[in-house]
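**Q** For the protein sequence lines, the chains are S and H, in the order given.
By the count of this note's numbering, the first sequence reaches residue 533 at its end, each step adding exactly one.
By the count of this note's numbering, the second sequence reaches residue 533 at its end, each step adding exactly one.
Bear in mind the hints are in silico, worked out from the structure with no lab data behind them.
Worth double-checking, as some hints may not be accurate.
Note: identical chains are not told apart, hence a pair may lie in one copy or across any two.
Pairs of lysine to aspartate or glutamate, EDC-like flavour, derived with a Cα cap of 16 Å [claimed, not checked]:
hint : residue 1 : residue 2
1    : Lys-531   : Glu-496
2    : Lys-388   : Asp-186
3    : Lys-295   : Glu-334
4    : Lys-484   : Asp-422
5    : Lys-521   : Asp-422
6    : Lys-113   : Asp-471
7    : Lys-179   : Asp-86
8    : Lys-374   : Glu-117
Remember, predicted model here, so these are calculated numbers, not experimental data.
Number of protein chains: 2
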Amino acid sequence: MTKLPNINTNFSDWYNDVIYQAELVDNGPVRGTMVIRPYGWAIWEQIQARLDKRIKETGHQNAAFPLFIPESFLKKEASHIEGFAPELAVVTHAGGKQLEEPLVIRPTSETIIHSMFAKWINSWRDLPLKLNQWANVVRWEMRPRPFLRTTEFYWHEGHTAHETEEEAHAEVLMMLNEFVDLVQNYLAIPVQTGIKSENERFAGADKTYTLEAIMPDGKALQMGTSHLLSQNFAKAFDIKFQDREENVKHPFLTSWCGATTRLMGSWIMTHGDEKGLVIPPKIAPIQVVIIPIYKEGFIDSVNQAAEKISEDLKKHNVRVEIDSDQSKSPGSKFFKWELKGVPLRLEIGPKDLEKKQVVLTDRLTSTKQILDIDTVADLIPSILDELQKEMFEKAKKRMISNISEGEKLSDFGPKIDKESKAYKTGWCKSSECEKELKKYKATIRCLLDSKKFKECFNCDKPSQTDVLVAKSY
Amino acid sequence: MTKLPNINTNFSDWYNDVIYQAELVDNGPVRGTMVIRPYGWAIWEQIQARLDKRIKETGHQNAAFPLFIPESFLKKEASHIEGFAPELAVVTHAGGKQLEEPLVIRPTSETIIHSMFAKWINSWRDLPLKLNQWANVVRWEMRPRPFLRTTEFYWHEGHTAHETEEEAHAEVLMMLNEFVDLVQNYLAIPVQTGIKSENERFAGADKTYTLEAIMPDGKALQMGTSHLLSQNFAKAFDIKFQDREENVKHPFLTSWCGATTRLMGSWIMTHGDEKGLVIPPKIAPIQVVIIPIYKEGFIDSVNQAAEKISEDLKKHNVRVEIDSDQSKSPGSKFFKWELKGVPLRLEIGPKDLEKKQVVLTDRLTSTKQILDIDTVADLIPSILDELQKEMFEKAKKRMISNISEGEKLSDFGPKIDKESKAYKTGWCKSSECEKELKKYKATIRCLLDSKKFKECFNCDKPSQTDVLVAKSY
Chain S
61 MTKLPNINTN FSDWYNDVIY QAELVDNGPV RGTMVIRPYG WAIWEQIQAR
111 LDKRIKETGH QNAAFPLFIP ESFLKKEASH IEGFAPELAV VTHAGGKQLE
161 EPLVIRPTSE TIIHSMFAKW INSWRDLPLK LNQWANVVRW EMRPRPFLRT
211 TEFYWHEGHT AHETEEEAHA EVLMMLNEFV DLVQNYLAIP VQTGIKSENE
261 RFAGADKTYT LEAIMPDGKA LQMGTSHLLS QNFAKAFDIK FQDREENVKH
311 PFLTSWCGAT TRLMGSWIMT HGDEKGLVIP PKIAPIQVVI IPIYKEGFID
361 SVNQAAEKIS EDLKKHNVRV EIDSDQSKSP GSKFFKWELK GVPLRLEIGP
411 KDLEKKQVVL TDRLTSTKQI LDIDTVADLI PSILDELQKE MFEKAKKRMI
461 SNISEGEKLS DFGPKIDKES KAYKTGWCKS SECEKELKKY KATIRCLLDS
511 KKFKECFNCD KPSQTDVLVA KSY
Chain H
61 MTKLPNINTN FSDWYNDVIY QAELVDNGPV RGTMVIRPYG WAIWEQIQAR
111 LDKRIKETGH QNAAFPLFIP ESFLKKEASH IEGFAPELAV VTHAGGKQLE
161 EPLVIRPTSE TIIHSMFAKW INSWRDLPLK LNQWANVVRW EMRPRPFLRT
211 TEFYWHEGHT AHETEEEAHA EVLMMLNEFV DLVQNYLAIP VQTGIKSENE
261 RFAGADKTYT LEAIMPDGKA LQMGTSHLLS QNFAKAFDIK FQDREENVKH
311 PFLTSWCGAT TRLMGSWIMT HGDEKGLVIP PKIAPIQVVI IPIYKEGFID
361 SVNQAAEKIS EDLKKHNVRV EIDSDQSKSP GSKFFKWELK GVPLRLEIGP
411 KDLEKKQVVL TDRLTSTKQI LDIDTVADLI PSILDELQKE MFEKAKKRMI
461 SNISEGEKLS DFGPKIDKES KAYKTGWCKS SECEKELKKY KATIRCLLDS
511 KKFKECFNCD KPSQTDVLVA KSY
């Protein structure tokens, strides 16, 4: 392990270093692919478990659809193929022969899932149909970066069909709220929600809702999206049903995704510091690491005390590990577990045993507390909850300081780049004005609910809506 | 829904029908691919959850390795590429361009994982390294069949590295035992374990242990394998470590898999009957279906009673569903849930309410029991356990009756085909004699621990080991 690059002056290098040093990820042999190592995957499993539970509790069922999509399927919805064509990986040979029709590796699964919907949906009794799958998808990346942009990544994708547009819209908003809950209350990252502009929305959707987080470097990261597809895909894939009045209709479709391995990048960047990762307690695979301080003659008694606390913590459903490696010094262990971002460190040595105490240090503020050895396990669950909240509040403060307000792009445009800030401003809703943002490498991240600004950021026309504008990952 | 083909006279058609009618699976648009529908996937999730827990409890960690493997990697271990070449799917174009090196979609991940092991393993302190991943893999199938043989399927694969061959061998056997536990105690299917012959073992392995089940039609189904790879792959991928005496050595590797979506085919075939699926309680997503018998004036009271029992069952961690659709008759519901193989059906109607009773029917034997309404929920967990055991015992009896003993292939060979039986016999261990089995479409499924037979099934030489011989899926 080597010293991490300075997080304040060299954020990008810090990110690239910390993910490898903390053993979250490694590069795959094929450019743009990644190996998610056990420590990284264990965090992803925590995120998955929480979201999977909520997806089921909100009335969805998991299923599994094929990796391979006939190339012709993607062409059925015109704007869909236009959006995805440049990113596709294509299988042309299999079983020792050239294939008659090339197969696309799914970049997303609307087309293949809708082809099955067409088979399964016949009557209003078949609706709503609410499915989800956890899957790998492939989008060829020109500028790959572990977690943030990789050729293959992991996600879930929900796909639903409804009798009415109102019901479909309610589904889209319900899932958006679930994603906000996951990101804010589990990843401890504040988000801004809103609708995407026509240019930025999902290829083939009527309306795309998004949740956007602002990273410490002022760039936005899209944290999840929920799409009202309406009837576009239903028409393209000839999905029809007989409604309650016996009329034949197209159902209203939605699709959504609130967790991809991209989210891993978001908490790393939001919470990390000069010592390494800081993992929100709710998604930490190890919430407490116990470091026994060894001294000859006291090894067994210290180990026993550590084991006792560990057992007590497990009874409270706290995820705990004892680092009992006697070949390493306590100092090198502190360094290692700080790098790995474990929320709480509990030290216990011969002197502590004598005084019936332990030393508890939190990763977020490095505050040390001396606590009673017999009651520390009972206190830790609420200490973890408190830490979780503190992390969110800290991130929220920074997000607020990272978003400014600006009237005219000509004024604030240069600052987006130089001062690393996101801006709220007004927009006339014309595509021409939106294109002007490219000059500053920025985009409209989402339309906001508010209408504070009077004029468009670019032209003289009245603003139709406030928007959030930023560079993005 | 239509009548199922006769399971006794037309087993293959029965299988092909029941999987679709019970909504476990559907065909994907690309030949050989399958869509696993929610009911099928929920069963797979039960199997996954159990095995994942045991994989972790036995000291392994999950990770995720890329889908894409450079073609050159597969060629590094000579027998490995020879074994897999005919089944590969190849990506030749991506991101709008032809690739410099074609990418193989993983048929299994030894090569890519070992390329990472070479990077991560340097000292004996890095060992043992014990990883697992849940993944989709692709093997091009000429004669696909849902679950049993599909172009894309889902599995887990374990990959470990050890300092010594003994330790690697112990790992291989430990995981074999875990797989036996899963199959026998969760899927309720008896298995025969043993070593594969050189011809049948994994491409690149020193030794392949297998667990084989015999289906009702007398064909064997491989249920899992555990491979001692020894140093073949370690040499091919240049994995080296400094041992405790500071010598540079190759580690001893293993790989294993105890659950693929192929296992879904095994319990369907083993337990199914003329009415449809029979799901072992431990892997049933719905263990008890409650069917309220509606009559005007009693709808609310019947629903309340059903709800009360459902709540009580949930407290006992029983997976329960109430079928409260008032547009369907009880008879059509019985038919549906029998087809879907739910282990227990609980009926409750106005007359039952009056008598404070319910009617409980098990799917395996169709035995009806009248039970007290207030205590039925307490009794059900042990009734489910009992059913699980009965299913195993029933399957075991049939497996025994499906395996015969035979001295000479010329005698029993024709019976393998016509009478649908597996045979135990003796073998001299020569590849020439093994090849004779092809005449009867049979293979050596595994070498047995016993040595009962004196002569080889084919030649006059003494038998070296008993073997299990059968046709296979």
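**Q** I want to check one pair: Lys-521 and Asp-422. Are their C-alpha atoms no more than 16 Å apart within a copy, between two copies, both, or neither?
**A** neither (52 Å within a copy, 72 Å between copies)
**Q** Between the shortest in-copy and the shortest cross-copy C-alpha distance, which are at most 16 Å for Lys-179 and Asp-86: within, between, both, or neither?
**A** between (42 Å within a copy, 10 Å between copies)
**Q** Within a copy, between copies, both or neither: where do Lys-484 and Asp-422 come within 16 Å Cα-Cα?
**A** neither (35 Å within a copy, 63 Å between copies)
**Q** Is it within, between, both or neither when you check Lys-113 against Asp-471 at 16 Å Cα-Cα?
**A** neither (47 Å within a copy, 57 Å between copies)
**Q** Is the C-alpha distance from Lys-531 to Glu-496 at most 16 Å within one copy, between copies, in both cases, or in neither?
**A** The answer is within: 13 Å in one copy meets 16 Å, while 69 Å across copies does not.
**Q** Between the shortest in-copy and the shortest cross-copy C-alpha distance, which are at most 16 Å for Lys-295 and Glu-334: within, between, both, or neither?
**A** Neither: 53 Å inside a copy, 40 Å across copies.
**Q** Within, between, both or neither: how does the pair Lys-374, Glu-117 come out at a Cα-Cα threshold of 16 Å?
**A** Between copies only: 15 Å across chains, 26 Å inside a chain, cut-off 16 Å.
**Q** Could you place Lys-388 and Asp-186 in one of the four classes (within, between, both, neither) given a Cα distance threshold of 16 Å?
**A** Between. Shortest inter-copy distance 14 Å satisfies the 16 Å Cα cut-off; intra-copy 61 Å does not.
When each numbered hint is compared with the structure, violations occur for hints 3, 4, 5, 6.
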